[in-house]
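Peer 1: These are the residues of each chain, in order.
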Amino acid sequence: KAGVTQTPRYLIKTRGQQVTLSCSPISGHRSVSWYQQTPGQGLQFLFEYFSETQRNKGNFPGRFSGRQFSNSRSEMNVSTLELGDSALYLCASSMGSGPYNEQFFGPGTRLTVL
Amino acid sequence: QQQVKQSPQSLIVQKGGIPIINCAYENTAFDYFPWYQQFPGKGPALLIAIRPDVSEKKEGRFTISFNKSAKQFSLHIMDSQPGDSATYFCAAYYQGGKLIFGQGTELSVKP
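Those protein sequences? They're chains A and B, same order as listed. Take the first sequence: its position 63, counting from 1, is numbered 63 in my numbering, and each next residue is one higher. Take the second sequence: its position 73, counting from 1, is numbered 1073 in my numbering, and each next residue is one higher.
Some clues are possibly wrong.
As the list claims (entries may be wrong) - Straight-line alpha carbon distances no greater than 25 Å define the calculated DSS-like cross-link-like pairs of lysine-lysine that follow:
id, chain 1, residue 1, chain 2, residue 2
1, B, K1110, B, K1042
2, B, K1057, A, K57
3, B, K1110, B, K1068
4, B, K1015, B, K1071
5, B, K1071, B, K1057
6, A, K57, B, K1015
7, B, K1042, B, K1005
8, B, K1015, B, K1042
9, B, K1042, A, K13
Hints listed in this document are in silico derivations from the structure and should not be mistaken for laboratory results.
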């Protein structure tokens, strides 16, 4: 069974630009969560989508948004990029929503903002 | 408080030793506590998880001890091996779907 895939793996953008990251979950998984990982703040929850609906949201500004498609694939968008948005963005999928559904993480997208 | 405090930040043990990583939380609404292992260049992978009504759970060489009254839980790795060298994160589920992570512990197991 293929794992969670994220594209692109690496991305370089400049301040003020916008970026879209993509996540393809494991086949059959309906929940996708996004996390930001930085050396200073660690792993922080961004949001969770289940069956195309946002179920939970972390404490990030409105510049961070996401969506999920009918095939469970998900995209995350960051508008008006800031230097502090440089991070590893991780996507995780699970069969269902909630704590007892194991989350499988992808390798992440490394975003660098110059 | 939506925080999970993890210590130590880094840990070095000899092969065969028993590294112990500790986590503490304040929010009693946290309802499930997983541990993740992350190797460089990879995403985190679930190691073991525990519900708050259980005091201990063991899977292979990994054991979680959970003290609900003290709001603390810890990971023990028995007979540690160099291949266990990785970053370990404790976490807690909040409001059913938000996963709150500790700051991570970088473990190095020396041969």
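Peer 1: All the hints need checking, so say for each whether the structure fits it.
Peer 2: Structure-based check of each hint:
1. A distance of roughly 21 Å separates the Cα atoms of K1110(B) and K1042(B); the hinted pair therefore holds under the 25 Å criterion.
2. For the suggested pair K1057(B) and K57(A), the alpha carbons sit about 30 Å apart, so the restraint of at most 25 Å is broken.
3. With a C-alpha separation of about 33 Å, the suggested pairing of K1110(B) with K1068(B) is violated against the 25 Å cut-off.
4. Among the hinted pairs, K1015(B) with K1071(B) is inconsistent with the structure: their alpha-carbon atoms are about 30 Å apart, more than 25 Å.
5. Restraint check for K1071(B) and K1057(B): satisfied, since their Cα atoms lie roughly 16 Å apart, inside the 25 Å limit.
6. Restraint check for K57(A) and K1015(B): not satisfied, since their Cα atoms lie roughly 41 Å apart, outside the 25 Å limit.
7. Between K1042(B) and K1005(B) the alpha-carbon distance is near 23 Å, which keeps this suggested pair within the 25 Å criterion.
8. At roughly 23 Å between alpha-carbon atoms, K1015(B) and K1042(B) fall within 25 Å of each other, so this suggested pair holds.
9. Between K1042(B) and K13(A), the direct Cα distance comes to roughly 22 Å. Compliance with the 25 Å bound is thereby established for this hinted pair.
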